[in-house]
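*Asks:* Let the sequences and hints guide you as you build the complete structure.
According to the UniProt record's numbering, the sequence shown holds residues 1 to 291 in order.
Simulated from the structure, these hints should not be mistaken for laboratory data.
Cβ coordinates follow ideal geometry from the N, Cα and C atoms, glycine included.
The reader is advised that the hints may include incorrect statements.
Result set (DMTMM-like, lysine to aspartate or glutamate): computed pairs, CA atoms no more than 20 Å apart in a straight line [to be verified]:
no.	residue 1	residue 2
1	Lys-143	Glu-167
2	Lys-56	Asp-80
3	Lys-143	Glu-159
4	Lys-135	Asp-100
Restraint-style ranges between C-beta atoms, simulated for each label pair [to be verified]:
no.	residue 1	residue 2	range
5	Ser-9	Glu-210	38 to 44 Å
6	Ser-87	Arg-266	20 to 26 Å
7	Asn-286	Glu-91	22 to 28 Å
8	Arg-266	Arg-3	16 to 22 Å
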Amino acid sequence: MRRKMKIESLEGKVLLRGVTNFMPKQIFECGQAFRWEAEEDGSYTTVAFGRVLNVKVVDGVVELNTTIEEFEKIWRDYFDLDRDYLSMIEELSFEETLKDAVEYGRGIRILNQDPFETIISFIISQNSNITRIKKAVNFIADKYGEKIDETHSRFPTPEELAKASVEDLREKARVGYRDRYIVESAQMISNGMLDMELLRTADIETARKELMKLPGVGPKVCDCILLFAFKRSESFPVDVWIKRVMEELYLGKATPKNKIADEGRRIFGENAGFAQQYLFYYGRENKVGKV
1 MRRKMKIESL
11 EGKVLLRGVT
21 NFMPKQIFEC
31 GQAFRWEAEE
41 DGSYTTVAFG
51 RVLNVKVVDG
61 VVELNTTIEE
71 FEKIWRDYFD
81 LDRDYLSMIE
91 ELSFEETLKD
101 AVEYGRGIRI
111 LNQDPFETII
121 SFIISQNSNI
131 TRIKKAVNFI
141 ADKYGEKIDE
151 THSRFPTPEE
161 LAKASVEDLR
171 EKARVGYRDR
181 YIVESAQMIS
191 NGMLDMELLR
201 TADIETARKE
211 LMKLPGVGPK
221 VCDCILLFAF
231 KRSESFPVDV
241 WIKRVMEELY
251 LGKATPKNKI
261 ADEGRRIFGE
271 NAGFAQQYLF
281 YYGRENKVGK
291 V
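*Replies:* Given below as structure tokens:
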């Protein structure tokens, strides 16, 4: 049975009681978002939707330094708090092989992120690592976005990033060959050349085709963007860890990434994206399939 979340405001914070499946380390360090930073007190801080947010869990209570109004406007949806994760996990439990991964990453939630920031972040993510991605994303925010306070900046709009210097992106953000992809994608989006509503509502193959019009967006990047910014939970991104895990646990042989994505969607259906996150986190943390 789903537990009812209780919301209260106390001393400048919003407190959430009765939230299940909410472990900050698992949520913020599973490769889906790149502006979360761990603090010395065990909390995590990010900039999202033009706001600075600190999150901490104390004795099972989620503490957010925000207002009730902003929680309802931004953070309820961002943290996917209206989804019944216990029921979703139960639906996935039909698949025996997945059970260990689900149990291991039980505190994961999929964040519903800003579409433009997610598009640019995952274009940057190609052939990179999380440390480098975070540095690049933060550079872009500091250089081209508006200052929020002395240490935080919001991510730029498509119009702002469309005017960015390709040289700065390459030399200072260190995004390499992705420099032109970033600027050209920002220009296309600012000019209305990407149908954002179609990405939310069309069948998954139509949505993928639309999104891959952007330079630098191939199948894996596309599926990450659809999953983390457009609520397309049927997406099944395949990176090196998912390829290893699926080959080790399900396929038993080397398999092309597009076939693995098809198989993931076939096995897990509408919950494929959630299964992917559990398998990714489990595989990466336990080095599944790595020789």
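*Asks:* State for each hint whether it applies.
*Replies:* Hints, one by one, checked against the model:
1. Lys-143 - Glu-167: Measuring from Cα to Cα gives roughly 13 Å; hence the hint holds.
2. Lys-56 - Asp-80: holds (17 Å)
3. Lys-143 - Glu-159: holds (14 Å)
4. Lys-135 - Asp-100: violated (33 Å)
5. Ser-9 - Glu-210: 38 to 44 Å: holds (41 Å)
6. Ser-87 - Arg-266: 20 to 26 Å: holds (22 Å)
7. Asn-286 - Glu-91: 22 to 28 Å: Since the Cβ atoms of Asn-286 and Glu-91 sit about 24 Å apart, the hinted range of 22 to 28 Å holds.
8. Arg-266 - Arg-3: 16 to 22 Å: About 32 Å separates the Cβ atoms of Arg-266 and Arg-3, which means 16 to 22 Å is violated.
When each numbered hint is compared with the structure, violations occur for hints 4, 8.
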